[in-house]
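Line order of the protein sequences matches chains A and B. Taken in order, the first sequence gives residues 1 to 250; the numbers are from this note's numbering. Taken in order, the second sequence gives residues 1 to 517; the numbers are from this note's numbering.
Simulated from the structure, these hints should not be mistaken for lab results. The structure presented is a predicted model; accordingly, all values stated were derived computationally and were not measured. By construction, the Cβ of each residue, glycine as well, lies at the ideal position given by its N, Cα and C atoms. Any given hint could be a false lead.
What the simulated footprint calls covered on chain B by chain A, stretch by stretch (three residues with Cβ under 8 Å from a Cβ of chain A suffice, anywhere in the stretch; the number is not a length) [what the hints assert, rightly or not]:
1) 161-169
2) 180-187
3) 257-266
4) 394-402
5) 409-415
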Amino acid sequence: MTKLVGPFGDTRDDGKVQLSFTLPVDWSEAADEAARQLAGKMGFRDVQVVEGRPIASGFSFFVIYATSAQAVDVDGIVAPSAGAHAMSMEQIDALVHERVGRKIRVAGACIGTDAHTVGIDAILNMKGYKGDYGLERYHEFETHNLGSQVAVEELVRFTKERRIDALLASQAVTQKGSDIRNFTALSELLEAENVRDNVVLICGGPRVTNLLAGELGYDAGFGRGTLPSQVAAFIAVTLAERLRQGRPHW
Amino acid sequence: MDLRIDRRSVERCRDLAGAIVAPVEAFIAAHSTVSVERAVLRLLGVDGITPQEVPLPNAILDAVPPHERARGVALPFAKALAETGLEPAALGTEIALGRCALEEYASTPEAAARGALARFVDRALGRIAARRDERAAWLADFPQLPPPLLYVIVASGNIYEDRVAAVAAAQAGAQVIAVIRSTGQSLLDFVPFGPTTEGFGGTYATQANFAIMRAALDEASEKLGRYVMLTNYASGLCMPEIAVMAAFERLDMLLNDSMYGILFRDINMKRTFVDQHFSRMLNAYAGIIINTGEDNYLTTADAVEQAPAVLASQFINEEFAHRAGLPDDQIGLGDAYEIDPDREDGFLYQVAQAQLAREIFPDAPLKYMPPTKHMTGDIFKGHLIDAMFNLTSVMTGQNIHLCGMPTEAIHTPFLGDRALSLENARYIMSTARHFGDEIALRPGGIIERRAHDVLASCEALLERVAAMGLMAAIEAALFADVSRAPEGGRGFDGVFERAANYWNPFEERRLGPGRPG
Numbered sequence: 001m002t003k004l005v006g007p008f009g010d011t012r013d014d015g016k017v018q019l020s021f022t023l024p025v026d027w028s029e030a031a032d033e034a035a036r037q038l039a040g041k042m043g044f045r046d047v048q049v050v051e052g053r054p055i056a057s058g059f060s061f062f063v064i065y066a067t068s069a070q071a072v073d074v075d076g077i078v079a080p081s082a083g084a085h086a087m088s089m090e091q092i093d094a095l096v097h098e099r100v101g102r103k104i105r106v107a108g109a110c111i112g113t114d115a116h117t118v119g120i121d122a123i124l125n126m127k128g129y130k131g132d133y134g135l136e137r138y139h140e141f142e143t144h145n146l147g148s149q150v151a152v153e154e155l156v157r158f159t160k161e162r163r164i165d166a167l168l169a170s171q172a173v174t175q176k177g178s179d180i181r182n183f184t185a186l187s188e189l190l191e192a193e194n195v196r197d198n199v200v201l202i203c204g205g206p207r208v209t210n211l212l213a214g215e216l217g218y219d220a221g222f223g224r225g226t227l228p229s230q231v232a233a234f235i236a237v238t239l240a241e242r243l244r245q246g247r248p249h250w
Numbered sequence: 001m002d003l004r005i006d007r008r009s010v011e012r013c014r015d016l017a018g019a020i021v022a023p024v025e026a027f028i029a030a031h032s033t034v035s036v037e038r039a040v041l042r043l044l045g046v047d048g049i050t051p052q053e054v055p056l057p058n059a060i061l062d063a064v065p066p067h068e069r070a071r072g073v074a075l076p077f078a079k080a081l082a083e084t085g086l087e088p089a090a091l092g093t094e095i096a097l098g099r100c101a102l103e104e105y106a107s108t109p110e111a112a113a114r115g116a117l118a119r120f121v122d123r124a125l126g127r128i129a130a131r132r133d134e135r136a137a138w139l140a141d142f143p144q145l146p147p148p149l150l151y152v153i154v155a156s157g158n159i160y161e162d163r164v165a166a167v168a169a170a171q172a173g174a175q176v177i178a179v180i181r182s183t184g185q186s187l188l189d190f191v192p193f194g195p196t197t198e199g200f201g202g203t204y205a206t207q208a209n210f211a212i213m214r215a216a217l218d219e220a221s222e223k224l225g226r227y228v229m230l231t232n233y234a235s236g237l238c239m240p241e242i243a244v245m246a247a248f249e250r251l252d253m254l255l256n257d258s259m260y261g262i263l264f265r266d267i268n269m270k271r272t273f274v275d276q277h278f279s280r281m282l283n284a285y286a287g288i289i290i291n292t293g294e295d296n297y298l299t300t301a302d303a304v305e306q307a308p309a310v311l312a313s314q315f316i317n318e319e320f321a322h323r324a325g326l327p328d329d330q331i332g333l334g335d336a337y338e339i340d341p342d343r344e345d346g347f348l349y350q351v352a353q354a355q356l357a358r359e360i361f362p363d364a365p366l367k368y369m370p371p372t373k374h375m376t377g378d379i380f381k382g383h384l385i386d387a388m389f390n391l392t393s394v395m396t397g398q399n400i401h402l403c404g405m406p407t408e409a410i411h412t413p414f415l416g417d418r419a420l421s422l423e424n425a426r427y428i429m430s431t432a433r434h435f436g437d438e439i440a441l442r443p444g445g446i447i448e449r450r451a452h453d454v455l456a457s458c459e460a461l462l463e464r465v466a467a468m469g470l471m472a473a474i475e476a477a478l479f480a481d482v483s484r485a486p487e488g489g490r491g492f493d494g495v496f497e498r499a500a501n502y503w504n505p506f507e508e509r510r511l512g513p514g515r516p517g
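Same shape as in the complex, but just chain A (with noise of 0.2 Å):
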């Protein structure tokens, strides 16, 4: 069964979007008539151009609205949420003390030189988001948090003197491809120390998605407004179904 779904306006399939976007042009009536073809070179129909002003000398912003026809088959598309195991903090500890029967020694950080810890500080520290407790205040949990600017020589050697179970790299700063640089080496500097399988690998930031983690070789990868519980549950599953397989750890 396929189920192709467009852009939905006020009807189905309708196609209707908004886009909006700035030229390095002066305005005038031909910058709004470039704007228009630009959409339509983009694919889109029934462009309609319904803001088109200066913002600065040599700079024009556009608000477009416009119909695409395309349209995907939502039924065929896989993207696994790592945070699918909804538990409470109880559970999760009850989980852990039942199925790995020690305390999960877990180490979190900005690695490279992102000072942003307000992502990484929502999941480690005991206040945690949005009423949701973070790691610290799991008492199954060991929670080391290194905060900002940490180098990722510096955390493997963390990881492997404290034997580390879980391992969380935190990146906010996405230019130019800083954030996938570093979580690279992280993962490639573990791989070199051979001790990538004894680790639960796991990113995070406002960019990061689990697909994206899984393509950079981690365990998961938790995004903008994930809770520190759904971190915590992937953890614990992830950690009890290892030793339950008899694969390596500490």
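Got chain A; can you put chain B on it based on the hints?
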């Protein structure tokens, strides 16, 4: 609007801030840092890099014999100046290239050394005073629009791209341009050199980049008929050096907090306290408005709970600033609009906090930071939250208004994002320009009660800090739930005790506002 706050409590908070800062000032007076000494060299005219790309001030300081360092770099450098007859820049190059060794001149009489240095000290002070006069002339000829001054950031990583974005933003209404630094620069124990075109999440703060942006904004100011201000960051490990560069290139504001680096960048507290003092002394002399970083308390912890800590930090920042010679009108104390938008009456709490700062620090050019923590990818909701932030700012008379971007949390601002943000601010601040003058707050109402609670809690917090001492209080995580040890963190190895005959010719001249030489 009037919150009818307890003025005795405000006085008590100021007294407590004085008691908290006094012992730290005693520590500061007995110490110097590598960055303070490098700033002295920069003031004297040393600049440039070695063939190995080490900045000359770093190379020279490294060449000072360890036992000499405790007396300050000025004296050995002055002795060499006296003997060689070179200009500071040329002497700096000779030393850095190893063609001249400072210890060769150890026996030069101190009087001769001091005499040789005097004209270069005068030259530095004259250079800064000239920039200050230039700014005054610009402001007289090209007056700014009324506050809140709309402040936006540029952050492409490439100074030449930043220049285009800054001029476009100025045309769209921006009155202050901040060039965000490359992430990680705060942890470098040197200042990069020359124009830069590569950076992450921002553009390196270099003196050449400062000059490039200042020139572009001067040109834009002239065309727009209003002076556009430039700001950067005197924070991290090189606060004093950045302050020198900013003074030389006529920056108008600098981020410059007394505790931010300690709490949020894990920079050693002793290093930060000594560095902030010298950098603020320079800022005072240069007429540069400092911006403090209280917004960070709100982004890293719950904004409602942290309100007393914000106010306490404002009192402490004010006290440190006064002691470095900064007058009230150069102390841009910070706050931010960071309460969870889902919280009922959150707007009332924001108004309470912003108005509280306004009433307690009436002459300070308060800096108000936009929502960031609760901004998501929903640009439409973000634009609405920014509008409420804009309203709070204009109704409580904030001075320096950092415009919120609808695309906060998505990317560093696009040119079009800045234009939308500035349009939002201009609309709200025009349509509600005198709203704050027209309304009275209900006695005993939510806003007034909240303000009174925050002030009372702030007083209690300052009492605790005063009882423990500031360094111990930071170690006990009384600020931002972060614990830092007095000898931990980055840059501690660059702090040293001054010898009895330590000499810093700029400190000796007691730099301060309107006190040239």
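For this session: Against the earlier hints, flag every one the structure doesn't satisfy and list their numbers going up.
Result: 4
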